[in-house]
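**Student:** Okay, here's what each chain looks like letter by letter:
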Amino acid sequence: MSESVLTGPQTRAIPRARGGFVRRWVRNPWRRPTFLATVTWAYIAWSLIPLTIAIAVSFNRSRSSSSVNLFSVQWWWTDPSDSLLHDPELHSAVIQSLKLSLTTMVIAVPLGVAFALGIDRWRGRVASGANFVMLLSFVMPEIILGLSLFFVFSFLLKFVPLGSSAQILGLVTFQVSYPVIIVRARLLSIGKDYEEAAMDLGATPQQSIRAVLLPMLYPAIFASAAIVFADTIDDFVTVRYLSGPATSEPLSVKIYNFARGQPSPAINAAATFMLGSTIVVAAVAYLLYRAFTKGQRSGAGLGDLATQF
Amino acid sequence: MSVPSEAEPVRRRLRRSHRATEEGIHYSRWFWPSFTIPASLWLAVLFILPLYTVVSIAFGTVDPIFRGPLPVYEPWWWSGKQFGRVLDESFGLYRHVYIHTFEYVVIASALCLVLAYTVAYYVARYGGKRKTLLLALLIAPFFISYLMRMLAWINLLDTEGYVNKILTFLHLVPHPIDWLSGRPSTVIMGLVYGYIPYMILPLYAFLDRIDANLLEAGRDLGAGPARTFFRVTLPLSRPGILAALVIVSLPMMGDYYTNNLLSGSPHTTMLGNLIDDAYGSTGQGPRAAVYVLILMVLLIIPMLYYLRSTARSLLTR
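Going down the list, the protein sequences come from chains A and B. For the first sequence, the numbering used here gives the first residue as 136, with consecutive numbering after it. For the second sequence, the numbering used here gives the first residue as 259, with consecutive numbering after it.
What the hints contain is simulated information worked out from the structure, not anything from laboratory work. Warning: the hint list may mix true and false statements.
[Said to hold, decoys possible] In the SDA-like style, the derived pairs of lysine to any residue whose C-alpha atoms are separated by at most 20 angstroms in a straight line are: (1) A:K327 <-> A:M351; (2) A:K327 <-> A:K293; (3) A:K293 <-> B:N422; (4) A:K293 <-> B:L328; (5) A:K293 <-> B:T486.
[As the list claims (entries may be wrong)] Simulated DEER-style distance windows between Cβ atoms: (6) A:K293 <-> B:A470: 56 to 62 angstroms; (7) A:N392 <-> B:I558: 30 to 36 angstroms; (8) A:T382 <-> B:P493: 43 to 49 angstroms; (9) B:W334 <-> A:K293: 32 to 38 angstroms; (10) B:P434 <-> A:P380: 35 to 41 angstroms; (11) A:H226 <-> B:H433: 37 to 43 angstroms; (12) B:T417 <-> A:P168: 18 to 24 angstroms; (13) B:P322 <-> A:G396: 34 to 40 angstroms; (14) B:L556 <-> A:T339: 49 to 55 angstroms; (15) B:I295 <-> A:P168: 26 to 32 angstroms; (16) A:P245 <-> B:T540: 55 to 61 angstroms.
[To be verified] To list a few chain B residues with every Cβ distance to chain A over 10 angstroms, as calculated: (17) R343; (18) L351; (19) E361; (20) L371; (21) Y379; (22) P399; (23) R407; (24) P493; (25) L500; (26) P524; (27) G530.
Here a beta-carbon is modelled for each residue, glycine too, at the ideal position from N, C-alpha and C.
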């Protein structure tokens, strides 16, 4: 330090530029990017370290997290009664979770994509009213939507029993706005030129949608399918209010019920399993996205995805 | 940026009368509207109708024997008895619940904003070649279940968990602290942890879109880095900040699970807990409906604000 003061201003600038992260930080922790970088990396650590510990707990041999004995799959499948695979309650919950998520995805995505297409091209009072209701359902806190659906199925639409069917109807209502928002954002950037060109060349409106517009929408469709799946498998507010018998409770509801009452590494295993299935679906969506967008990607990456939220 | 001009209504009228010739497209009149019919019907039956049912229950009567709610669907027969009772409760017995809720939500949103803005600003401005990695790390919590993230903190904050172990190891506290039974600080931390990812990404998207030339202009005109930030960046990002605040405080207002998982004590009851408890106990159906209605009324202005601001940002994008 004292050396650099002695050698004058020209040379002083050099060590400042070269020094390692820690040295630069010690010299002046308030230099803007350094301070910001520290906060950012600290935030990332804070946001991800607890999760890695939670995942690690599921591979721990002991029931309490205090004695660490990693790399045991006891809570996954070895334990004959309490593991994720063999506990009958958790086992059926896994299947219910996957069933609900896949069904919701299959219903919500086409509904939402069609709505986005229609609303983007059909202007007018009715259209903007429908769009408003759609967006309102998106920002409505889930507790409001979940309980209203519970009331409607217990009083007005009694022919829908609480359980899987009510859960799917409710989940689709809650999820349908994701594909709408994502596909509309994509439609805005595509514009109408391609379709018009197709029709000038003699395609019917149906053909131009199927052969021209839809392929260009594939990235948005896959992204929204992945998001709908991920969000549904994690959902427990709507699902919990609309669950009937205990067999209709998916993994998320079980985790919520057990988390404070009887914590067990099997619950962590259950949560890790949900995380894993989300990652698998996101990866599949990403691969499909890459396969279907060869030649029309323009250096778009995660930044592009982030702007869609 | 598309500039909505005064000529817009005129142009629209023109388009309406000459639609086919001007655009050269021959859609039948019902072609596009028919696309929206399935989802619109869905929302009418499973979104609008349920909300109306809540209102009918809130202003309905109660079965005298089974104490179950009897919804009244005709507005002219509505009675305000249930509503009045809950409102009395809200200003008396449960006033502290409303105060808690606002306190927690305001503090948690403010903490979220400070942290999220810093992170989003860093990634947008100085992300450089690490931008993709940073974004991937910031998006990761999105794909991780909320429950899993709360479960992680239950594991950590347990009396035998790592937080207490580290604290006692360093002799910062003599005995392990019971973080998980009714501490407002734990609940607020949980809220921040749970909802901050929803704030960082929209803020990042907003800050990333701010034209760097504007900042350079500020610097050229003699403003220092701090002054450029406070006079240019911050005012420009105000709509983004407001939208981000709304997007985290809306779900926080209806949150009951964070509180149940990380505290579970009546000391930290929030409005969402009142609703959930009323749902869970028999004979409380009408009360739950009234609370849902109150929550909806409290949140309608922020919701409308958010919808308006996002609609505008879509137009100017």
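**Student:** Are the hints correct? Go through all of them and say.
**Tutor:** Results of checking the hints against the structure:
1. A:K327 <-> A:M351: 12 angstroms, holds
2. A:K327 <-> A:K293: At roughly 44 angstroms apart (the allowed maximum being 20 angstroms), K293 of chain A and K327 of chain A break the hint.
3. A:K293 <-> B:N422: 50 angstroms, violated
4. A:K293 <-> B:L328: 14 angstroms, holds
5. A:K293 <-> B:T486: Given pair K293 of chain A, T486 of chain B is violated - Cα atoms ~61 angstroms apart, limit 20 angstroms.
6. A:K293 <-> B:A470: 56 to 62 angstroms: Because 59 angstroms falls inside the window, the suggested range holds.
7. A:N392 <-> B:I558: 30 to 36 angstroms: Because 32 angstroms falls inside the window, the suggested range holds.
8. A:T382 <-> B:P493: 43 to 49 angstroms: 56 angstroms, violated
9. B:W334 <-> A:K293: 32 to 38 angstroms: Violated - the Cβ-Cβ distance for W334 of chain B and K293 of chain A, about 24 angstroms, lies outside 32 to 38 angstroms.
10. B:P434 <-> A:P380: 35 to 41 angstroms: 40 angstroms, holds
11. A:H226 <-> B:H433: 37 to 43 angstroms: Given about 40 angstroms between the Cβ atoms, the range holds.
12. B:T417 <-> A:P168: 18 to 24 angstroms: Roughly 40 angstroms apart at Cβ, these two residues miss the hinted range, so it is violated.
13. B:P322 <-> A:G396: 34 to 40 angstroms: With a Cβ separation near 36 angstroms, P322 of chain B and G396 of chain A satisfy 34 to 40 angstroms, so the hint holds.
14. B:L556 <-> A:T339: 49 to 55 angstroms: About 50 angstroms separates the Cβ atoms of L556 of chain B and T339 of chain A, which means 49 to 55 angstroms holds.
15. B:I295 <-> A:P168: 26 to 32 angstroms: 53 angstroms, violated
16. A:P245 <-> B:T540: 55 to 61 angstroms: 40 angstroms Cβ-Cβ, so the 55 to 61 angstroms window is violated.
17. R343: 18 angstroms, holds
18. L351: Since the minimum Cβ distance to chain A is about 21 angstroms, L351 of chain B lies beyond 10 angstroms and the statement holds.
19. E361: Holds, since 18 angstroms exceeds 10 angstroms.
20. L371: Its Cβ never comes within 10 angstroms of chain A, the nearest being 13 angstroms, so this holds.
21. Y379: 7 angstroms, violated
22. P399: With a cut-off of 10 angstroms, P399 of chain B comes too close to chain A, as the shortest Cβ separation is near 6 angstroms.
23. R407: 7 angstroms, violated
24. P493: The claim stands: P493 of chain B keeps its Cβ more than 10 angstroms from every Cβ of chain A (closest is about 19 angstroms).
25. L500: 14 angstroms, holds
26. P524: 15 angstroms, holds
27. G530: 6 angstroms, violated
Hint check: violations occur at hints 2, 3, 5, 8, 9, 12, 15, 16, 21, 22, 23 and 27; the rest are consistent with the structure.
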